[in-house]
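Residue numbers (my numbering), protein chains in the order written: chain A, 1 to 375; chain B, 1 to 559.
A hint or two may mislead.
To be verified - Covered stretches of chain B (chain A as the covering partner; in silico rule of three or more C-beta atoms under 8 Å from a C-beta of chain A):
| no. | stretch |
| --- | --- |
| 1 | 33-43 |
| 2 | 239-245 |
| 3 | 328-339 |
| 4 | 419-433 |
Claimed, not checked - Here are the simulated DSSO-like pairs of lysine-lysine, each with C-alpha atoms no more than 27 Å apart in a straight line:
| no. | chain 1 | residue 1 | chain 2 | residue 2 |
| --- | --- | --- | --- | --- |
| 5 | B | LYS335 | A | LYS265 |
| 6 | A | LYS72 | A | LYS51 |
| 7 | B | LYS335 | A | LYS188 |
| 8 | B | LYS424 | A | LYS121 |
These are computed hints drawn from the structure, not numbers from a lab. Just so you know, even glycine gets a beta-carbon here, dropped at the ideal spot from N, CA and C.
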Amino acid sequence: MLIANMKEGYTMRLLSLRFALLACAVFSFAVQAQVPSGYPADYAKIVEGAKKEGKVVVYSTTDAKLVQPLIKDFEAAFPGVKVEYADMNSTELYSRFTSENAANAASADAVWSSAMDLQIKLASDGLAAVYKSPESAALPEWARWKDMVYATTFEPIAIIYNKRLVPAEDVPKTHADFTKLLTTKADKYQKKVTTYDAEKSGVGFMLANQDAKLDPAFWDLVKAMGARGVNQQSSTATMIERVSSGENLIGYNILGSYALTRAKKDSGIGVVFTTDYNLVLSRLAFVSKNAKNPNAGRLWLDYLLSKRGQTITAEQAELFSVRTDITGKDSGVGFSKELGNAVKPIPVSADLLSGLNEAKRLDFLKQWQVALGRK
Amino acid sequence: MKTGAFSLPRTSVVAITALVIFLPLGLIFWQSLLNAPFFNPAHRYGLSAYAFIFEDPDFWSAFGNSILIATGMVLIALPLGAALAFLLTRTDLPAQRWIEVMVLIPVFVSPMVLAFGYVVAMGPVGFYSVWARSLFEDVPWNIYSLPSIAVIAGLTHVPHVYLYSSAALKSLGSDVEEAARVAGANPIRVAIDVSLPMTMPALLYAAVLVFFLGFELFGLPLVLGDPEGHLVLSTYLFKLTNKLGTPSYHLMAAVAVCIVAVTFPLVLLQRWLMRTAGKYVSVKGKATRQKLLPLGGWKWVALGLVALWLIFTIVVPISGIALRAFVEQWGEGIKLSEVLTLDNFRGVFESSEQVRAIINTLLIGVVGGALAVACYMAIGLAGHRQRGGVARILDYIVLIPRAIPGLLAGLAFLWIFLFVPGLKELRNSIFSVWLAYTVVWLAYGMRLISSALLQIGPELEESARTVGASGARVLKDVTVPLIRFGLLASWLLVFMIFEREYSTGVYLLTQGTEVIGSMLVSLWGAGAIDQVAALSLINIALVAVGLAVALRFGVRLHE
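Throw the hints in and build the complete structure from the sequences for me.
Below, the structure written as structure tokens:
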């Protein structure tokens, strides 16, 4: 019995040794295979590190359902690295991320948000890791900041209208058209215009602030909206819903990505971009400085920016690719072909921080209220 | 009595209660005195947050609107709720069982969803509005006006008053009413002169609570107040989140402190009104049997009024949500038959988070609800038959958490779980959400339990003491069995409240702690309104099934 047992034990050990060797071979092969082409050779360390960490925690403002194809593809590309994806609104994201970092608790490894100003703020407050992504050369100049924050999408801002109730000749092609429409067809559009509430919505503030910088006639537009008794809302979704139903007829400064997605299913929604200038917003990503899974965080960031990730972003998540070497219809390059120089991406830069300066912000909001005729 | 005010179990219950209430509250108060987040090393002390909001005209208009709405709610909900309770517990109104179940629906539908239902149904192009326009050439209502918000809020809070006053009525022997009948009083006279005064304590509690809820109202004014820019204190607080770009906790905390400052004197007022609670003891150590009051011809009038209320508060908004859940789009110029779809529901069941949210919501309602009721009962018993300071303190403090807007309370709990050593690990479990819910709804659950406790005559317990039972034995064998129906009803109520809570869990939402309520807020923000509608309908269905099962298996709302 004893001998038999020993023998069995020996065989077992031998077997497990063989398995281990085999597993090693497979593993190293897999690692070799996974370093994407064009990446430095030592990138294998990051991939290997990420596998040891086993997961990446992503905080994001992008709807989980929209991102599902990206997550699936990432997990297929790097087996063994799970994505823990938490979506929330940008304010909650900021609150949670800063609180957790202050408490030195587990938090996000990668932060991905459409509140561009808050992302720059987090990075400039020292919460982002310095990391030069191997993909950064493929991005336009405006799309990266200090080897920390990277633009990952290219989302034109749009005007939306109700197709059933707004005749084609009313649809504005430029900002000036829109102002004119609101002043000349006052009766039809009275109480039927909607836009972001710049006080309640961070994105709304940022867009209005950029408008004011780019367009000298912007305040006339705000006055015209105010005169029509504009409905101010705090989310793009609410505005789209109300334009679709006909409660409002036209919506200004709408996130184009959401509007286009909705328009595919909803025959009532028309989406138009402006030819004088058209703002473009981008979701910004960075790796957390205090990441518990730093390698996995880097891997996720690089994947988001990679050609593979960006193709899925554009084709399945409908967020438009930001890379210069992707040129289809759903890419920044493709979009710019139609509108040319009118395309104005909001630059990823420290300029965004001026909007967070308390005194400047309150001044701007006051001007906004006065122009709307609310104060 | 030797059990005394300072026995160990009692002291620890009081200490824990005080801790879970004052820790978040203290954190909020401290934060309101700073000029930056408390965890930011650069913070300084000062009153700048208060100076900022007091100089802001929006604060004062929001304050005025809150008082207006809360007052309107009390004026509408109190008489209707009391009348409803009388009709359903004391009279032979037809279809009682059905009505009783329907009445509770507005409580367990999240107000945000309810508001959205009203927009779809009665908004400027809602389907009832389009219908009304074809009849009267114009829509004779505007649901975005301030009075409309107050009316909707008032009518949807009728069940809160109903629950408190019916709980009181059910444990009240009907001998006194019969006496009035024998003396020749008609049913209305009996209701007003006998039943109403007997349930005064419950009604006063309910009035204060509805006023509280009016101050805390968030979902309704958020959805209905936005288009015309009507702010109330909680939506003003929400607006401050983004006004300065980064979340301004100090300003939000200052507003929350102002809300508590307004509502706390109300608690004192209510306590003062209640100082003669002993007068209302009505379950005594003698047999009483309840007998229904015949309504006669009034029956159909009463039924018609109840039906009208049910149609406005339940049928209208829920048909709005249901409609939205089954279509791709709606509004002016759309034939609904052409846009019907089941895709919205498919979307929900394809998402693992949303499926998890449904399961978690059930868990937190059923298991969490039972645990919460156990906690509330422990607190209720700790203060029971105590005339000393401890009981009075308990009575005051349990009402405080409800005065803090759920959103901010949730944030305070996030901070507690993050910054109190040893709690970090618990944050990612559903326990964190449960604790926050239990504290936020403390006032609510406590009222049912103390209403039940209040009506037990002391002689029942005293006779047990006389034959030598210990304090614990009296609680176990006399007090608790006597309030068991109150406990079951509380469980049901807490279950429903936990099912629909939406703002408290928002900051605690992580993988594993998803609940439908916070999921709805997140989906709403992300623009998935299709799924908001579908998930809301699933939520309503879940609770309705839960309620039906509970009623079927003998959880009675009354004896």
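Here is how each hint holds up against the structure:
no.	hint	verdict
1	33-43	holds (count 3)
2	239-245	holds (count 6)
3	328-339	holds (count 7)
4	419-433	holds (count 4)
5	LYS335(B) with LYS265(A)	holds (15 Å)
6	LYS72(A) with LYS51(A)	holds (16 Å)
7	LYS335(B) with LYS188(A)	holds (23 Å)
8	LYS424(B) with LYS121(A)	holds (26 Å)
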